[in-house]
Amino acid sequence: MTIFQEKPEKLIRAEKLIDDGNYDSALEIMRVFEKEEGQNLQNIVLYHLLECQLFFQQSKFEKVITLSEKTYQESFFYLI
Numbered sequence: 022m023t024i025f026q027e028k029p030e031k032l033i034r035a036e037k038l039i040d041d042g043n044y045d046s047a048l049e050i051m052r053v054f055e056k057e058e059g060q061n062l063q064n065i066v067l068y069h070l071l072e073c074q075l076f077f078q079q080s081k082f083e084k085v086i087t088l089s090e091k092t093y094q095e096s097f098f099y100l101i
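Per our numbering, residue 22 is the first one in the sequence shown, and the count goes up by one each step.
These are computed hints drawn from the structure, not numbers from a lab. A portion of the hints provided could be inaccurate.
Computed list of lysine-lysine pairs in DSSO-like fashion (alpha-carbon distance at most 30 Å, straight line) [claimed, not checked]:
# : residue 1 : residue 2
1 : K31       : K84
2 : K56       : K91
3 : K91       : K81
Please construct the entire structure, taking both the sequences and the accompanying hints into account.
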């Protein structure tokens, strides 16, 4: 038995779009995913990591650092 679930299909599609340089379409899919109810901690972290990847590709390094720190802090909140 594994404790990790498969990556959600929307995040897989967004990741491919980021790899292809189609940042606007990726961000659109990610925003829809973000608004969906009932995301578990794993999906939230995967979303934030993908968002960091997007910002990194766009050379928005300050956003990457800020979001990474926020994700780190939020992950502890969910564990409590």
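For each hint, the structure was consulted:
| no. | hint | result |
| --- | --- | --- |
| 1 | K31 / K84 | holds (22 Å) |
| 2 | K56 / K91 | holds (18 Å) |
| 3 | K91 / K81 | holds (16 Å) |
In summary, the structure agrees with every hint in the numbered list given earlier.
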